[in-house]
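Residue numbers (the numbering used here): 1 to 242.
It is possible that some hints are incorrect.
Stated by the list, open to error - Below, computed lysine to aspartate or glutamate pairings styled on EDC-like, alpha-carbon distance capped at 20 Å:
{"hint": "1", "residue 1": "Lys138", "residue 2": "Asp100"}
{"hint": "2", "residue 1": "Lys138", "residue 2": "Asp93"}
{"hint": "3", "residue 1": "Lys173", "residue 2": "Glu195"}
{"hint": "4", "residue 1": "Lys138", "residue 2": "Glu125"}
Stated by the list, open to error - Ranges of calculated distance between the beta carbons of each label pair, as one might list FRET restraints:
{"hint": "5", "residue 1": "Pro153", "residue 2": "Ala101", "range": "31 to 41 Å"}
{"hint": "6", "residue 1": "Leu58", "residue 2": "Ala170", "range": "38 to 48 Å"}
{"hint": "7", "residue 1": "Arg27", "residue 2": "Glu195", "range": "37 to 47 Å"}
{"hint": "8", "residue 1": "Glu195", "residue 2": "Glu94", "range": "38 to 48 Å"}
{"hint": "9", "residue 1": "Thr224", "residue 2": "Thr90", "range": "38 to 48 Å"}
{"hint": "10", "residue 1": "Pro169", "residue 2": "Arg54", "range": "32 to 42 Å"}
{"hint": "11", "residue 1": "Met53", "residue 2": "Tyr221", "range": "17 to 27 Å"}
{"hint": "12", "residue 1": "Gln213", "residue 2": "Cys22", "range": "33 to 43 Å"}
{"hint": "13", "residue 1": "Cys166", "residue 2": "Ser21", "range": "45 to 55 Å"}
{"hint": "14", "residue 1": "Pro45", "residue 2": "Glu94", "range": "22 to 32 Å"}
Keep in mind that the hints were calculated from the coordinates and are not lab data. None of the values given here were measured: they were computed from a predicted structure. Glycine included, every Cβ here is placed at the ideal spot set by N, Cα and C.
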Amino acid sequence: MLHQRVILSTSAALDVYAAPSCLDPGRRLRALVICPGGGYSNLAPREAEPVAMRFAGLGFVAFVLYYRTAPARFPAALQDAGAALKHIRTHADEYHVAPDAIAVMGFSAGGHAAGSLGVMWHREEMWQPLGLTCEQVKPNAMVLCYPVITSGPFAHRRSFACLTGCDDPAAHKAFSLENLVTANTPPTFLWHTWEDQSVPVQNSLLMAMALRQHGVNAELYIRTAPTAARCAMRAPPACPPS
Numbered sequence: 001m002l003h004q005r006v007i008l009s010t011s012a013a014l015d016v017y018a019a020p021s022c023l024d025p026g027r028r029l030r031a032l033v034i035c036p037g038g039g040y041s042n043l044a045p046r047e048a049e050p051v052a053m054r055f056a057g058l059g060f061v062a063f064v065l066y067y068r069t070a071p072a073r074f075p076a077a078l079q080d081a082g083a084a085l086k087h088i089r090t091h092a093d094e095y096h097v098a099p100d101a102i103a104v105m106g107f108s109a110g111g112h113a114a115g116s117l118g119v120m121w122h123r124e125e126m127w128q129p130l131g132l133t134c135e136q137v138k139p140n141a142m143v144l145c146y147p148v149i150t151s152g153p154f155a156h157r158r159s160f161a162c163l164t165g166c167d168d169p170a171a172h173k174a175f176s177l178e179n180l181v182t183a184n185t186p187p188t189f190l191w192h193t194w195e196d197q198s199v200p201v202q203n204s205l206l207m208a209m210a211l212r213q214h215g216v217n218a219e220l221y222i223r224t225a226p227t228a229a230r231c232a233m234r235a236p237p238a239c240p241p242s
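With the sequences and hints as input, model every part of the structure.
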C-alpha cells in the first residue's frame, strides 16, 4: 500500500492511499476524499485510515482529509475540502486519477463538511480568497454517512456550535444543508441507521427530500435493527408435536 502525506495550501493535511497493483500508467482510477467525523471539534481515527485502506483495496485512490476543526470556524473545513479537490485534479497524472471521477465521503460532521462542498462548490466567493475556481473544487459525487445536515429540530447542535462558534440556533440556520441544495448538487448516496441516538436519521431524510425536490440523482439506505416481530417472522415454523 502506497501512503504519503500532503500539506495543502490551507495548511490542512491530506493523506493518500493507493494499492500499487492499481497504479498502471495507462489507467485512470476513481478518487475518494474522506472527511472523518468528530463534531467539528476533533477528527475520529476510525473514520479515517481504516476507511481509506478498505477503498484503496477496492481499486480507488483514497484520500483522508484532516480538515480544520474548532477553534477554526466556517468556512475553514469547506475551503480545506475545496483545496483537496483542486490538489487532486492538479496532480491527477501523478495519482493516476480521472479528474472527472472524484467523490467526497463524509461521516457525521464530516458528512456536513463533504455535503457543504457539494452544495456550495459553485459559490465563487468561497474560493476567490484561495485563488481557486469553482470547477477545480467541484465534487463529481457525494457519499454521506449518517451526516449532520439540518440545524432545525433534529440538529446535532454541538457540531453547529463548533462550526460557527456560537450556540444560537438562529445563527446555525445558514448552514442547514437541506436548504442549500440546488440542481448543481452532485449525485449523492446517503446512509444512516434508524436508531441513531447522536445524529437523528431525519438528517438524511431531509437531505434526500431536498435532493428529490431539485431533481438530483440520489440513493438513500437506512439500516434498521432487528425487532422482535421481524425476528419472529424470519424464524422457521415450529415442528408439530409428535
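Which of the numbered hints above does this structure break? 3
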